[in-house]
Amino acid sequence: MSPENAASPLQYGRAGSNAGQPLTRRDGLLKVTGRATYAADNHPDGVLYAVAAGASIARGRVTSLDVAAAKAHPGVVEVLTPANRPPLAHDPDEKMPPFGFRVDVLQDDTVRYVNQPIAMVIAETLEAATEGAALLDPHYEVESAAVDLESGERFAPAAVGVGAAARTAHGDVEAGLAEAVRVTEVDYETPPQYHNAMEPHAVVAEWDGDRVTLDMPNQALALSAAAYGAYFGIPAENVLIRSPFLGGGFGSKAILNGPQILTILAARMLGRPVKLALPRKQMFGPVGHRGRTWQKLRIGTDGEGRMTALHHHALAETSTFDDFIEPSANIALPLYAAPAILAEHEGLRLNVGTPGPMRAPGAASGSAALEAAIDEAAEACGMDPLAFRLANYAETEPGTGRPFSSKTLRECYAEGAKRFGWSGRPLEPRRMRDENGFLVGWGMGTAVFHCPHFPAEARATLRADGTALVETAGADMGQGAWTALAQIAAEALGLDPSQVEFHSGLSNLPDGGVAGGSGHTASAGLALHKAGGDAIASLAELATADAASPLFGAGNIGVVAREGRLYRRDDETRSDSYADILKRAGRAQIVGTAKAARDPAVASAYAMFSHGAVFAEVKVDPDLGQVRATRLVGAFAAGRIINPRLVQSQYYGGMIWGVSFALHEEAVTDRRTGRIMNADLAEYHVPVNADVPSVEAILIPEEDAHVNPLGVKGVGEIGITGTVGAVANAVWHATGVRVRRFPVRIEDLVAGRAAG
Amino acid sequence: MNRFDYIQPASVAEAIAAVSEPGSVYLGAGTNLLDLMKIGVSRPQRVVDITRLPGLDRIDWLPDGGVRIGALVRNSDLAYDERFAKTFPVVAEALLSGASAQLRNAATVGGNLMQRTRCAYFQDLGSACNRRVPGSGCDALGGQSRLHAVLGWSEHCIATHPSDFCVPLVALDAMVEVEGPRGTREIALDSLHALPGSTPEQETTLAAGELIVALRLPAEVASFADNARYLKLRERTSYAFAVVSAAAALEMEGDTIRAARIALGGVAAKPWRAREAEASLAGAKPTAEAFAGAAELALAEARPSGANAFKIELARRIVARALNFALAGTPQEMPALPASPFSTNPGAYHVA
Ligand SMILES: Cc1cc2nc3c(=O)[nH]c(=O)nc-3n(C[C@H](O)[C@H](O)[C@H](O)COP(=O)(O)OP(=O)(O)OC[C@H]3O[C@@H](n4cnc5c(N)ncnc54)[C@H](O)[C@@H]3O)c2cc1C
Ligand code: SF4
Numbered sequence: 001m002s003p004e005n006a007a008s009p010l011q012y013g014r015a016g017s018n019a020g021q022p023l024t025r026r027d028g029l030l031k032v033t034g035r036a037t038y039a040a041d042n043h044p045d046g047v048l049y050a051v052a053a054g055a056s057i058a059r060g061r062v063t064s065l066d067v068a069a070a071k072a073h074p075g076v077v078e079v080l081t082p083a084n085r086p087p088l089a090h091d092p093d094e095k096m097p098p099f100g101f102r103v104d105v106l107q108d109d110t111v112r113y114v115n116q117p118i119a120m121v122i123a124e125t126l127e128a129a130t131e132g133a134a135l136l137d138p139h140y141e142v143e144s145a146a147v148d149l150e151s152g153e154r155f156a157p158a159a160v161g162v163g164a165a166a167r168t169a170h171g172d173v174e175a176g177l178a179e180a181v182r183v184t185e186v187d188y189e190t191p192p193q194y195h196n197a198m199e200p201h202a203v204v205a206e207w208d209g210d211r212v213t214l215d216m217p218n219q220a221l222a223l224s225a226a227a228y229g230a231y232f233g234i235p236a237e238n239v240l241i242r243s244p245f246l247g248g249g250f251g252s253k254a255i256l257n258g259p260q261i262l263t264i265l266a267a268r269m270l271g272r273p274v275k276l277a278l279p280r281k282q283m284f285g286p287v288g289h290r291g292r293t294w295q296k297l298r299i300g301t302d303g304e305g306r307m308t309a310l311h312h313h314a315l316a317e318t319s320t321f322d323d324f325i326e327p328s329a330n331i332a333l334p335l336y337a338a339p340a341i342l343a344e345h346e347g348l349r350l351n352v353g354t355p356g357p358m359r360a361p362g363a364a365s366g367s368a369a370l371e372a373a374i375d376e377a378a379e380a381c382g383m384d385p386l387a388f389r390l391a392n393y394a395e396t397e398p399g400t401g402r403p404f405s406s407k408t409l410r411e412c413y414a415e416g417a418k419r420f421g422w423s424g425r426p427l428e429p430r431r432m433r434d435e436n437g438f439l440v441g442w443g444m445g446t447a448v449f450h451c452p453h454f455p456a457e458a459r460a461t462l463r464a465d466g467t468a469l470v471e472t473a474g475a476d477m478g479q480g481a482w483t484a485l486a487q488i489a490a491e492a493l494g495l496d497p498s499q500v501e502f503h504s505g506l507s508n509l510p511d512g513g514v515a516g517g518s519g520h521t522a523s524a525g526l527a528l529h530k531a532g533g534d535a536i537a538s539l540a541e542l543a544t545a546d547a548a549s550p551l552f553g554a555g556n557i558g559v560v561a562r563e564g565r566l567y568r569r570d571d572e573t574r575s576d577s578y579a580d581i582l583k584r585a586g587r588a589q590i591v592g593t594a595k596a597a598r599d600p601a602v603a604s605a606y607a608m609f610s611h612g613a614v615f616a617e618v619k620v621d622p623d624l625g626q627v628r629a630t631r632l633v634g635a636f637a638a639g640r641i642i643n644p645r646l647v648q649s650q651y652y653g654g655m656i657w658g659v660s661f662a663l664h665e666e667a668v669t670d671r672r673t674g675r676i677m678n679a680d681l682a683e684y685h686v687p688v689n690a691d692v693p694s695v696e697a698i699l700i701p702e703e704d705a706h707v708n709p710l711g712v713k714g715v716g717e718i719g720i721t722g723t724v725g726a727v728a729n730a731v732w733h734a735t736g737v738r739v740r741r742f743p744v745r746i747e748d749l750v751a752g753r754a755a756g
Numbered sequence: 001m002n003r004f005d006y007i008q009p010a011s012v013a014e015a016i017a018a019v020s021e022p023g024s025v026y027l028g029a030g031t032n033l034l035d036l037m038k039i040g041v042s043r044p045q046r047v048v049d050i051t052r053l054p055g056l057d058r059i060d061w062l063p064d065g066g067v068r069i070g071a072l073v074r075n076s077d078l079a080y081d082e083r084f085a086k087t088f089p090v091v092a093e094a095l096l097s098g099a100s101a102q103l104r105n106a107a108t109v110g111g112n113l114m115q116r117t118r119c120a121y122f123q124d125l126g127s128a129c130n131r132r133v134p135g136s137g138c139d140a141l142g143g144q145s146r147l148h149a150v151l152g153w154s155e156h157c158i159a160t161h162p163s164d165f166c167v168p169l170v171a172l173d174a175m176v177e178v179e180g181p182r183g184t185r186e187i188a189l190d191s192l193h194a195l196p197g198s199t200p201e202q203e204t205t206l207a208a209g210e211l212i213v214a215l216r217l218p219a220e221v222a223s224f225a226d227n228a229r230y231l232k233l234r235e236r237t238s239y240a241f242a243v244v245s246a247a248a249a250l251e252m253e254g255d256t257i258r259a260a261r262i263a264l265g266g267v268a269a270k271p272w273r274a275r276e277a278e279a280s281l282a283g284a285k286p287t288a289e290a291f292a293g294a295a296e297l298a299l300a301e302a303r304p305s306g307a308n309a310f311k312i313e314l315a316r317r318i319v320a321r322a323l324n325f326a327l328a329g330t331p332q333e334m335p336a337l338p339a340s341p342f343s344t345n346p347g348a349y350h351v352a
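Keeping their order, the protein sequence lines are chains A and B. Quick note on numbering: the first sequence equals residues 1 to 756 in full-length UniProt numbering. Quick note on numbering: the second sequence equals residues 1 to 352 in full-length UniProt numbering.
Bear in mind the hints are in silico, worked out from the structure with no lab data behind them.
Partial list, computed: chain B residues near chain A (C-beta under 10 Å):
1) G40
2) Q123
3) R146
4) V243
5) F310
6) K311
7) L314
The C-beta atom is built at its ideal place from N, Cα and C for all residues, glycine as well.
Using the sequences provided together with the hints, build the complete structure.
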């Protein structure tokens, strides 16, 4: 099968199935016509508006707030400060299991990072609340803050990312390096980055006795409902989160934060609904970010360019009061067949808000450094970067020897290279110019992302008219989950997606797991698949036991569900429609339910990853140093593809994010104050259309019999990995300059900061 | 937001009278002013909305071939005015390289001239800033100043003026027509924006209450129309302020330069006209050496104000490149990426 037509509907379609078809988003029309209701679009009667006052210092104490001035402002209803903040049932200085962070909710007057909430003003209008917050005129006792490598305290973390090992060693790296013919040793830095979803964090909270309804964008409905329940001392089922649409999440909306908790608290305190929408600037601090890293790589190679050792050390920033360490070095574990691998992490305590998972946590920053270092190692060996990667191709998981559940990376390399035209690439840098004299460079990187699976539940209800309602508390952040999940459900039910009503985005539905880790389609999808199967099984029982059914007595032979009918497996002329079966049985509906999780035995027997290869072309002005990524080709293998249109758009988004990482994105901190000096979208640069003229994503067919019964892997994050390195390597190939700090800037190339 | 009066005067005279109250400001499209009000940098008592003043939204051609542009003409309308873009293409290119389409559709000519610096410390109320609070200090010094000024700065302020539009305008001798409590007057654009010296809070030479009513370009500078380019270096391909920029215009006579115009953006608190560099080219042949020499002269006085020494070399290179581009000729059509080095005009760039 050639990748060119891999995206065509029929390739993945099963007989009578819609899965594999490039349906457009079910909610697309609502979104493009402005009728999709996002959290902050809700205006319950009597709603009040909350505005948080953010600290302007990175460390110290608030010594005074002019609460009287704020309260005197017309329209201001209340000012929450540590002095009057009502109690919470969970100590905000304790982590919230399973992976909630410590939060700043006015527990005292200490300040630990810039933009930490130090008060919250609630008013009749947004304007009054905003002005009230401005009138607070905080005074501080300022202490010297830890803001960079020199001032931060280093420590050995117990774990990195979300519960991953901080140190993994396979074989003897020092011995491997000692026997190497060449050792490539390089340092790379990645900057702090902030999620900056278009839709800011928002909540409209309304209490009714000891029940609360929260309109908020949320990536982890069940977990969040439980956590809010714990903070407010009410059962989880008393918390209803409504999250029909998210304007992007990227990981930051899976985690509770101080401003949202305070808003909910204010609503209870005042007995009125309260709304908060964070201003852009306050999204730089209390709602997570990708922590800055300093990474060191040592790659030993033998005479043939095969690795003898791979050592990846990552130092990552976290806050002074909680731990989230970018698991950057762990990217070195699954990819290259080095006999000795050491991946290890250190933490650095800075006065910043606690970092958190941001699209491809660890993998993005780790891959940026690793793939650039691999390029340097290939250069040192005088080898083509693709040939070098192939020489170190891992047939089984390095170190453990476990088989991969599936791995089609070779095909990704081959097809990506072919489409890109890689074979014409000169080995030496600074050899290509376009017709206008711009330096042209080609670079590549390997993309990889693990395949987590979250426990999830779903319910499928076949209705009397033969249509179905399927339900799971999932989250559509714009990725199209509701379309892909509905396709899976429709397939399981033997119905067309148009006959399937899909309910999601409500925390009182069956737990759909977390929309994170690129595992949502697989996790919620498997639950839906099983719930559909459960409903069909019950329906088949009815039919085969019903003497009036053409399927009577076919219980042992079995039936196939297709197009709203059950067919006798051995005789397709005998069939019965869902509606007729239910009608004769006098049933208004049949309900199927399922809980699904990954089989732990399978999980430990196989290494499970999506793979890909990204090829990038950049053009660089030789005198002026301005860079433009002119062409990106990615080829990815991620198991079974439910909806190629949506998957492609995930890859595009990921690859464009990779360009952003390589060339644009960076929170710039003033070293004296710890304040972020570009906390707005005018100056915190992400790519505009003109930055990415051509992006192609090739879907490489892959079947995976182990990862889960659907054969579905993840696609949401992998596009960033590989791309950052590919772009950086292309910049080197164009200019001969290795820039080892992201993002690559004009001055790095003009000054010609040369390879070390 | 703090409470303020909002006034919609019906005439220029009324506007001037209305703004005479202390704490009053003129409001154009508000793309700059309202942002500054939202973050508390600007806290006017009274906002005088000039956008409905009659007669200020016209582009008038003068009998001598010059043009008079009303202060309320929108940036896009001016850039896409056919006769204007043909006569003063370098100005149109600069306009279209600024901000985004949405912002250009709203922004006014007067507002663009009067827009405030983008210095992050100016926008951050927690920072000391002499421009915002006279005498408080300048936290940009020793801070994140890689994009700050390399020309004309003082220890009191190292901010730059962010406008693209103003760069070719100053090169082409634009005049600003002003009306105020004491009547009308004209100011050369070159003297509208002030260098900081010890009074960075005096950003322009406008007196209190003065309103820009129009901008004029003289007929003579239409002679540069065939060889004029604006070039702008950015940290992304579009929708970013200049790291450095340059307008270059040549009047050619055969293979000799009769006259040259050069101005730089993003390097100083004002659009920076490089007169000595221009003079060095008058009567010269358009060689790489001549252009490099001009670039050298344009930056002769430059010195870094922080970690921005790279801007000096970059500015030299962009002057030379803009001259090269100008020499190659104004493109027949506006490039798809106006003012971008990537808006290649085939043949304009000689392989390094
Ligand atoms: C995200 C972003 C990106 C941008 N990028 C660029 C860029 O790349 N290049 C660029 O050049 N610009 C850029 N800009 C700035 C933009 O050009 C200005 O905001 C705009 O030109 C201001 O015009 P306005 O009519 O909105 O002015 P306003 O915001 O209404 O006013 C600006 C100032 O001028 C004063 N004023 C307005 N009219 C008059 C008048 N007639 N007489 C006297 N004073 C007056 C006001 O009192 C105020 O102080 C950007 C702006 C934003 C928000
Ligand atoms: S450079 Fe000027 S505008 Fe910026 S902080 Fe200093 S005084 Fe203020």
